[in-house]
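J.: Protein chains in written order, with the working numbering: chain A, 174 to 527; chain B, 15 to 439.
These are computed hints drawn from the structure, not numbers from a lab.
Each hint should be verified, as a subset may be incorrect.
When the alpha-carbon atoms are kept at most 20 Å apart in a straight line, the in silico SDA-like pairs for lysine to any residue are as follows [unchecked claim]:
1. A/Lys181 <-> B/Ser419
2. B/Lys374 <-> A/Asp468
3. A/Lys184 <-> B/Gly420
A partial selection of chain B residues facing chain A, derived with a Cβ cut-off under 8 Å [as the list claims (entries may be wrong)]:
4. Asp57
5. Leu59
6. Ala60
Just so it is clear, the structure is predicted and the values come from calculations on it, not from any experiment.
A virtual CB, placed ideally from N, CA and C, is assigned to each residue, including glycine.
Next come the chains, spelled out residue by residue.
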Amino acid sequence: MRALISAKGIKVTTVVALIPVLAAAVVNTGYQYLRALDTAGGEGASGWRDSFILGLGVDYQDPTIIGITVAGLAHVAPVLIIAMMAAGVCERAFATQRDRPMDAGFILSAIVFTLLMHPEVSLFHVAFAMMFGIVFGRGVFGGEGKTFLNPALLAAAVVQISFPTAHTGHPLWDGIAGYSGTKIFSLFNESGSGALASSDIGWWDAFIGVQQGMMGTTSTLAIALGGILLMWSRIASWRLVLGHVLGLTLAVSLFSAVGDGGITNLPWYWHAVLGSFAFGVVFVATDPPSAASTDAGRWIQGIVAGGLVVVMRVVNPSHPDSVVTALLMGSILAPLIDYGVVGWNIRQRRRRYG
Amino acid sequence: MHVKVRTGLELQVGEPPEMRVGEVKPTSAAAILGRDFPGVKFDVLAEPSKRVRAGEPVLRDRHRPRIVFTAPISGQVASISRGARRALQSIQIVADDAIDGVGFDVPDASNRDSVRKVMCESGLWTSLRTRPYGHIPDPDAEPRVLMITAMDTEPLAPDPVCIISEYPQHFTAGIDALTEVCDAPLFVCRAAGSDVSAVDSDRVQTVEFSGCHPAGLPGTHIHELCPIGFDGSEVWYIGYQDVISLGRLISEGAPWYSRIVSLAGNGVARPRLLEVACGASVDEITRGEMTDDALRVISGSVLSGHAAVGAQAFLGQKHNQVTVIKEPAAGKPGWWRRGGWTVAHAGNTGPLLPTGDMEKVSPPGILPVPLMRALLVGDIDRARDLGALELVEEDLALLTYACPSGNRYGRLLRNVLDQLHKEAS
C-alpha cells in the first residue's frame, strides 16, 4: 500500500507525470516544424521563431536531434514562460490582496495550458487567456480547490473562442498533405477510411505522436505514461478516464449505426488518439476540484463528456477538435451530477433506514 | 454470518506488539477523562483530597443521576482539571498503599432491573454507547440491537482473542448478563477466523468481519447489521474488555478495574501487552519504554486516539492501546506523503481536494466528499441526510488522515452531532 498523498505531493506528482508529455511536445513540435520547413523548401519562414532557429544554424533539410530540440524549445519555451508569468502575476495579485501565501498550483495550470496551445500561437493571446483563466477560473472563487473549473481549460477555451484563427495554425504548417491531428477529420469526412491509407497515415504514428496538433496533445503514448502515474497515485480517477473512453465508444457506435458514412465511420480507436482527447481526459478532466467528487458521478461525467466529444466532432466538422469545449461542459455539469448522486444516496438511505 | 469490508487502509506504524498476556504494570495515578463521555454534564461527588475506594462514585451525570462514574483505583482525589467553559477535563486520583474496593451485591442474574441497577452503581453502565450520537444510553431505554465488539483493527491494537482467552468464563458471564439487560438481539462481532467463544443462544449471534481498518469499528458493524437513521431507535455497543469486566462483576461482586493494553509504535523499545488500571497514567505506562525523547505519546491508536499531555495524559475509557511514535522532523514532512498523524495537525487547513483516496478509506455506505463538505460548512441537515447519525469520531479518523486539507472531521462531526441531538431532544 502506497502512502497517502499530501496537497503538495499532488502537485509534484502531476508535474512529474507531465514530464514525458513535455518532452514529447518539444521533440514532436521541433520535428514537425523542420519537416514543414523542408516541404515548403524554406519558404515562409519569416517569424521571430524562424529567425531564431535558423540563426542558430539549424539545418532543416537534414535534421539532427539537437536541431529538433532547439526548434521544439523555441516553440514550447516562450509560450510556457509567458503563461507562467501571466499566471504568476495574477496569483501574486490575489495573494497580496487576500494576505495569504502564493499557491504553487498556478505553475501546473500554466504547463497544462501551454501543452494545449498551437505551436505558432500568438504570445499576446497566451498572456491574455492565461490571465483570464487564473482570475476567473481560480482567483475569484478563492483559489486552489475552491473552484469548479480548471483554469487551464478555461484559458484554452478563451483562446479557441476569442481568437478562433489562432488555432488554425500558420500557413507553413499546412504544407504537409493531410497530416495534422485535426485535419485528419476533414480528410476522413471527404473520402472515408481510404484517405488514411492514401495519405500514408498510420494509427501507430498517431499513437506515438508523430503528427501535427496542439503541442502537448499529439503523443498518446507519453500521455498514457503520465496517466498511469496519476491513476496509480489516485490523483486522477480511473473511473473518470474509463468513463470518457466508454462515452466516446458508445457515441461512436451510435453514430456509425445511424450514420451515412464519412466521419461517422471513424472508429473509436482513431478518435481516442487524435486531437486533444487523450491529453484532455488524463490531465484536464481528472483535475480533482473541477471533476465530480463521487464515484457514480465520475462515471456519469466521463460518459457524458466523452460522448460530447464525438457528437461535436461528427455533427460539426468545421470545429474538428472539440475536446476543450466538451470537457468544459463536463466540468460545468459535474456539480449538477454530484447533486443528483447525493440526492439518490439520500433517498436510498431514507428507504433503507425507514 | 460473514461480512467482507472492502474499503480501508492498513497502516504501518511500527512493530506489532508481542501478544502475550501476563505482565502487570503497577499504576499509582489514574483519571476519568471528560472527553470520553460526549454530551455529559458532570456533578463532582468527591472533592480534591477526599479518599475514595475503587468502585466508589466520584462523578455523576447531572441530567441522569442514576449514571455514576466510579474510581478505578483507591486513593486520594488529587485534582480536577477543567477546560473551556468549565467543562470537566479530568478528575485525577493518586493511589495509596491500602488496596480496597467497594463490594457490590451480586444481583439475581436473571432479573433485568437488578442487573441494570448494579451496572449503574458500579459505573459499568458508562461503558455502553449508543448510535446515533455515541452517548451513554439512558438506564431505562431499550436498544434495537446490542453489539459486542470482539475485534480490533486499529493499527497496533492488541489481539482480542488472546485477551478473551485469558478470561473465558468472565466473557461468557458478561454476555449472559447482557442478554438480561435488554430484550434486543445480541451480535458478537469477531474477526474472520478468530476463535472467540460465543455462547449458544437464540438471542446471541456471532458475525465475522474481514478486511482492514475500519472493519473492526462498531460503526461498520452497525452499518452492516442494523442500520439506524431517522426513526429514533438506538443501537448499543460495548467493547470486549468491558464485557469481561461485567462478567467479573456478576460472578465475583466487583468489576475488573484493569485493562490489558498494547504499548507499541515506532518509538517503543519493546512493543508488548501490559495490564494496567483503567484510566492509568500514560506517563507511567511509557516510563522507561521509549527509545527517544522527541516522541509523541498517544492514548489509543494513531488514528483515533488523543495526545497524552497535561491533564489528558491518561488512558481513555475506550482505549485498548498506547501508541508512541516518532515526531516527524518539524516543518519537513516528506513531500510525497501526509505530514503527520491525526493528533499532529498544526491547525493550518487547506482546501479539500477530492482525490480517490477518500472513497478508499471512507466508512461503508457513506459518500465521503459530500459529507466532508457538509461538515466543513456546518450544514447539519445535509450531514444528517448523508449518514452522520451512523458515525462517531473514530469512523472519520481515516478520512482525517487521508485528506490533505488538514481538517479534523471527527471534531467537526461531534459539533454536528451535538446540534442534531439538541434539536432532537
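J.: A separate judgement is required for each hint: does it hold in the structure or not?
T.: Going through the hints against the structure:
With a CA separation close to 10 Å, the supplied pair A/Lys181 and B/Ser419 stays within the 20 Å bound. About 11 Å separates the Cα atoms of B/Lys374 and A/Asp468, which keeps this hinted pair within 20 Å; it holds. For the hint linking A/Lys184 to B/Gly420, the alpha-carbon distance of about 16 Å falls within 20 Å, and the restraint holds. Below 8 Å, beta-carbon pairs count as interface contacts, and B/Asp57 has none with chain A, the closest being about 36 Å; its hint is therefore violated.
Evaluation of the B/Leu59 hint against chain A yields a violated restraint, the C-beta minimum of about 39 Å exceeding 8 Å. Restraint check, B/Ala60 versus chain A: the minimum CB separation of about 42 Å is more than 8 Å; hint violated.
Taken one by one, the earlier hints fail for this structure at numbers 4, 5, 6, listed in ascending order.
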